[in-house]
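Student: Can you build the whole structure from these sequences, using the hints too?
2 protein chains.
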Amino acid sequence: MQRTAPSNHLFVGKKPVMSYAMSALIQLTQAGEVVVKARGLAISRAVDVAEIVTKRLGGGQFKVKNIGITTEVVGEGPETRNISSIEIVVGK
Amino acid sequence: MQRTAPSNHLFVGKKPVMSYAMSALIQLTQAGEVVVKARGLAISRAVDVAEIVTKRLGGGQFKVKNIGITTEVVGEGPETRNISSIEIVVGK
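Keeping their order, the protein sequence lines are chains S and L. Here the first sequence is numbered in the working numbering, starting from 1 and rising by one per residue. Here the second sequence is numbered in the working numbering, starting from 1 and rising by one per residue.
Worth double-checking, as some hints may not be accurate.
Where chains are identical, the list cannot tell them apart; a pair therefore holds if satisfied intra-copy or between any two copies.
Unchecked claim - Each computed EDC-like pair below joins lysine to aspartate or glutamate, with the alpha-carbon atoms no more than 20 Å apart: (1) K15 - E87; (2) K65 - E33; (3) K55 - E72; (4) K55 - E87; (5) K14 - E72; (6) K14 - E76; (7) K14 - E79; (8) K14 - E87; (9) K65 - E87; (10) K92 - E33.
What the hints contain is simulated information worked out from the structure, not anything from laboratory work.
Tutor: Laid out in structure tokens, this is it:
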């Protein structure tokens, strides 16, 4: 997962879920699609963001179009470890 | 999400992730498919289980076939709240 991602990618971290939901909604309104991404424990929050945007805030306009999961290797040398990540594509 | 689910459904909760990964692997070996389910914060762990089974333990035999997310209503009366859930279908 690149941090230099396209502008329609939204990285979910430790901020309140509604903060990300609002960002996602703005992105959807402007561009018609947003890719909600998260790693590790933030994965649950990314799912919350997608659900809030599609079921509550979007007025029925948006839906989950694709969900992918993968494993990323983080850290260097002997400290590398695997971390799960998710990508949820939300669009019209 | 019914707790009286078909026997190939695996509910991920608070136990160590490898405990669920082993259960999933046994189910896959016996039946060829397992549906890994979780709600709320356990969603991250369900993704870990699917990734461990497909990438590390399964010897390349199994893959993620479908991922769905939804919102469940839990609690009763004035105490109802929404909780996100995930279903990950792993098979051959």
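Student: Each of the hints needs a verdict: does it hold here or not?
Tutor: Hint check results:
1. With identical chains, the CA atoms of K15 and E87 are at most 20 Å apart within one copy only, with a shortest distance of 18 Å there and 25 Å across copies.
2. Taking the closest pair of Cα atoms, K65 and E33 come within 20 Å of each other only inside a single copy of the chain (9 Å); across copies the shortest separation is 23 Å, beyond that limit.
3. Taking CA atoms no more than 20 Å apart as the test, K55 paired with E72 passes between copies only; the shortest distance there is 11 Å, against 29 Å inside one copy.
4. Proximity of K55 to E87 under the C-alpha cut-off of 20 Å is found in both arrangements, the shortest distances being 18 Å within a copy and 17 Å between copies.
5. Proximity of K14 to E72 under the C-alpha cut-off of 20 Å is restricted to the intra-copy arrangement: shortest distance 19 Å within a copy versus 23 Å between copies.
6. Taking CA atoms no more than 20 Å apart as the test, K14 paired with E76 passes in neither setting, with 23 Å inside one copy and 29 Å between copies.
7. Within a single copy, K14 and E79 get their C-alpha atoms no closer than 23 Å, and across copies no closer than 26 Å, so neither meets the 20 Å cut-off.
8. In the homo-oligomer, the alpha carbons of K14 and E87 lie at most 20 Å apart inside one protomer (17 Å), although the nearest pairing across protomers, at 24 Å, exceeds that limit.
9. In the homo-oligomer, the alpha carbons of K65 and E87 lie at most 20 Å apart both inside one protomer (11 Å) and across protomers (15 Å), since each shortest distance falls under that limit.
10. In this assembly of identical chains, K92 and E33 lie within 20 Å of each other by CA distance solely inside one copy; the values are 7 Å within and 31 Å between copies.
When held up to the earlier numbered hints, the structure conflicts with 6, 7 and fits the remainder.
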